[in-house]
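Number of protein chains: 2
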Amino acid sequence: MTDAPGRVRRRRGEERGGSGWRADYRHVSNPFGPLTVLSEDEVEHIHGLALRLLSEEGLRVLLPEAREILAGKGMGSDEDSMVRFDPEVVEWAVAQAPATVDLVARNPDRNVHLGGRSVAFVPVSGPPHVSDLERGRRPGTLADFVDSVRLTQTFDILHMMGSPVEPIDVPTENRHLEMTLPILVDSDKLPFVYARGHRQVMDCFAMIRIAHGIGEDAFRANVHAWTVINSNSPRQIDIPMCQGIIDFARWGQLLVITPFTLAGAMAPVTVKGALVLQHAEALAGITLAQVVKPGAPVVYGAFTSNVDMRSGAPAFGTPEYVKASLAAGQLARRLGIPWRSSGPTASNAPDVQGAYETMMSLFGALMGGANMVLHAAGWLEGGLTASYEKLVLDVEVLQMLAESFKPLPLEEAEYAWEALTEVAPGGHFFGAAHTMERYNGAFYPPLVSDWSNFGQWTEAGSMDATHRATRIWQENLANFEPPPLADDRREELVDFKARRVAEGGAPPVS
Amino acid sequence: MTDAPGRVRRRRGEERGGSGWRADYRHVSNPFGPLTVLSEDEVEHIHGLALRLLSEEGLRVLLPEAREILAGKGMGSDEDSMVRFDPEVVEWAVAQAPATVDLVARNPDRNVHLGGRSVAFVPVSGPPHVSDLERGRRPGTLADFVDSVRLTQTFDILHMMGSPVEPIDVPTENRHLEMTLPILVDSDKLPFVYARGHRQVMDCFAMIRIAHGIGEDAFRANVHAWTVINSNSPRQIDIPMCQGIIDFARWGQLLVITPFTLAGAMAPVTVKGALVLQHAEALAGITLAQVVKPGAPVVYGAFTSNVDMRSGAPAFGTPEYVKASLAAGQLARRLGIPWRSSGPTASNAPDVQGAYETMMSLFGALMGGANMVLHAAGWLEGGLTASYEKLVLDVEVLQMLAESFKPLPLEEAEYAWEALTEVAPGGHFFGAAHTMERYNGAFYPPLVSDWSNFGQWTEAGSMDATHRATRIWQENLANFEPPPLADDRREELVDFKARRVAEGGAPPVS
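Respectively, the protein sequence lines represent chains A and B. Residue numbers are given in the numbering used here: position 160 of the first sequence equals residue 182, and the series is strictly consecutive. Residue numbers are given in the numbering used here: position 159 of the second sequence equals residue 181, and the series is strictly consecutive.
Worth flagging that the hints you see were computed from the coordinates, not collected in a lab. Be careful, since some hints might not be right.
Since copy identity is lost for identical chains, a pair holds within one copy or between any two.
[As the list claims (entries may be wrong)] Result set (SDA-like, lysine to any residue): computed pairs, CA atoms no more than 25 Å apart in a straight line:
id: 1; residue 1: K315; residue 2: I91
id: 2; residue 1: K428; residue 2: R355
id: 3; residue 1: K428; residue 2: S61
id: 4; residue 1: K315; residue 2: S333
id: 5; residue 1: K428; residue 2: H67
id: 6; residue 1: K428; residue 2: G55
id: 7; residue 1: K428; residue 2: V65
id: 8; residue 1: K428; residue 2: P56
id: 9; residue 1: K428; residue 2: E64
id: 10; residue 1: K95; residue 2: G80
id: 11; residue 1: K428; residue 2: E66
Values in this document were obtained by computation on a predicted structure and should not be read as measured data.
Bound-form chain A, shown alone (with noise of 0.2 Å):
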């Protein structure tokens, strides 16, 4: 294994002789929390008002096939589209839904486990542009794409793959081709499949059995893939994530089911009234998935954020962002389902704005107690650009924080009592048989961070933790060696690809 850790050891051991330290960020845990901002009578009335409002009021759901399916648990819907959901029956899909899921990579060691206490921490997923302090900001292409794949690679504490950057080079038709065979030849974590129907959502099924290589019984068996399916808000599901929902419940994999509900925009101004809404479409996505597939793994998604009341614009890590995480995992966990969070910002660049405001949504996400966090590194602009920079800053925040969530060791030696007993009042520990004993691999080796002195720090270039950032990518993208893949799954894997776009691809569904 050469990921992060051991890359950062390198690197830090060619400079400076070598921290010792042991990381290990590929199972993290969050012993802290979850706090909350809402009495269980609150959680209970926003529950019930969700599934008032999908009963009384309905949702909308665009595809036929799913109102079809909906009908059949005697949930009729009007000419048009809207689906009254049956109370009954939505309590009845929570039920089915497992309170944890465990994902399965082509790599055992990556594998997830989402519940309970676990953090799985997944990088910025879906952008349109792309930035670095070298290059600027510029649409992505597929060559930004496997470089944020295999940067994202490169890190333990990014646990899944997301869909880094949208390579916008790449024909519409065979883009989820020429993005799947990267995901799987340059990770080995478990790959993010796109929702924009059901051709392109099979092609991509078929790619990671080829990866895994495994036919589709033991592929439906485990979860080894993941979406995201988006409502319309206000009460509104569309063609594409309807088929993913269906898709997806089908087979067996992971769907992740996430209103984007902006107070003051899509969803109402206040934030308990955006969490009503942002459960009631929840709910309606889990009731589709669970109807499809009784057990069928789903994720509670979570994106309620507030505009700039002023301009429309919409923000992210604010306060209200905050109480809304808080509150969206009292919701989940009324549900008993696992959550899903993220750690936007709505800065235009990767700096002190955008480092805040992220950990504003970081600490709304954790102490909320979210059991998986997207865009949690190198997110920007709301969502529309995937900075190189921001992921390695973000990365370094996540390591402390996964460093945090370690227990202090159980040791009597860890007191220090005869360190303290041996150091004479005004002297120091440096030379203490404690310290020396300890010392190489005592304290957590940052990847980012420059403690030297002003002087020191001067003379080196007075480099900002951003341009810092830049060198890291860089080596981490020149050092880069891919996971261990068989040559045959790998041919067949160029070969499906090569096929596919021969044939004319598959285009995406709105």
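Following the hints, complete the assembly by docking chain B onto the known chain A.
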């Protein structure tokens, strides 16, 4: 009152038509946590080891008067000034210390309650250097000191005055006089007084009495000033610090007793070992204060961090720092007294490292339930530099945290049922009656954050958050108006300072 929120409202109002936001940051209460990293047994074990360290090994007390005071309680010292502390006396002393402390500012609306769920933020205190983007990094001057006091005054979220930068251009014997004058004239927040010798402290107390228009008895009857006592870790309290404990305790003023226990340098290389030392030194200071005057107001100060073991450089906001902070809160609650934490960073610039290290520090402080957070805004370089931009950037974070602490409103209308049923699927809430009634003042309006889109932001000059902060401190200083102070008191303060300078001031004691 023309403080920060008002100023922000005006500024935003001029630019964008008013946010309508009602900000109130003068009294902040933290509803969350506290989070813990130690079991109750571990807390007791650290407490027990600290008592044992103080009694068996002792702590060096360098001021003869302090040793005599402690000897009066049967705690003698050897020829090396080493005092063995009697655990029973220490426990008695802890029981004398008040569980909460009320601080009386010359403006009653600036009074601060320390204890329970309350949090007071204090900006960076004590750096020898100052920096801003326009003038660079330089030794502090009196002009910078005055500007920093004024800037601190303009933000309500900064609850107490520190000593924002050392005015190196003022002779040391007059420095306390020249510093205390602007603190009392340009600010109505609780003043900080350095413990740099008895005569300096008496001068400053006299000036504070003038500002309040009170005599000695009234001064003693309430807490009107505060100081920080740093032990010389390991296990030593020097002459000015001992004198400060005695003077502040006798006069009933606040002592924030803070060992600076850097794990791996002045403290053991393990977090738990450093905590034993921190706790022992804090207990020694608390004991001296309570023996001087039972019931003297004290705060348990915690400043355990770690060094970079490759260079010895101090580090802050590290995972080790976070865990030490959470543990410190547990130890302070074990004693039943308020506790102080900090918001430091080792970064050399107001950059992303500065942002994330300070936010990690704040995370440890606030999730640990700290009642007072010193160096919460403006600190750089491990405390060697005060940054104007960092202060503004940190104020934004502190305001966002304070907003996150506010409970969600309880009214049924918050759930927005009418709006949820009024807006059709796929529509938006901009024009809903529920939105129109609330959009003005619905969400926190940021101080520094820019939520415009990339095109607008680029046209406006692509200014990052740190450069935007420059404009804010410049504007706040340009618009500064001192808080009300009776002319006769101002004149008396100016006269007092002039007279004491003419008399030769009072050199610091070391």
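Hints, one by one, checked against the model:
no.	hint	result
1	K315 x I91	within (11 Å within a copy, 78 Å between copies)
2	K428 x R355	both (23 Å within a copy, 23 Å between copies)
3	K428 x S61	between (29 Å within a copy, 14 Å between copies)
4	K315 x S333	neither (43 Å within a copy, 58 Å between copies)
5	K428 x H67	between (36 Å within a copy, 20 Å between copies)
6	K428 x G55	both (14 Å within a copy, 18 Å between copies)
7	K428 x V65	between (31 Å within a copy, 18 Å between copies)
8	K428 x P56	both (16 Å within a copy, 17 Å between copies)
9	K428 x E64	between (33 Å within a copy, 16 Å between copies)
10	K95 x G80	within (15 Å within a copy, 77 Å between copies)
11	K428 x E66	between (34 Å within a copy, 21 Å between copies)
When the structure is compared with the earlier hints, a violation turns up for hint 4 alone.
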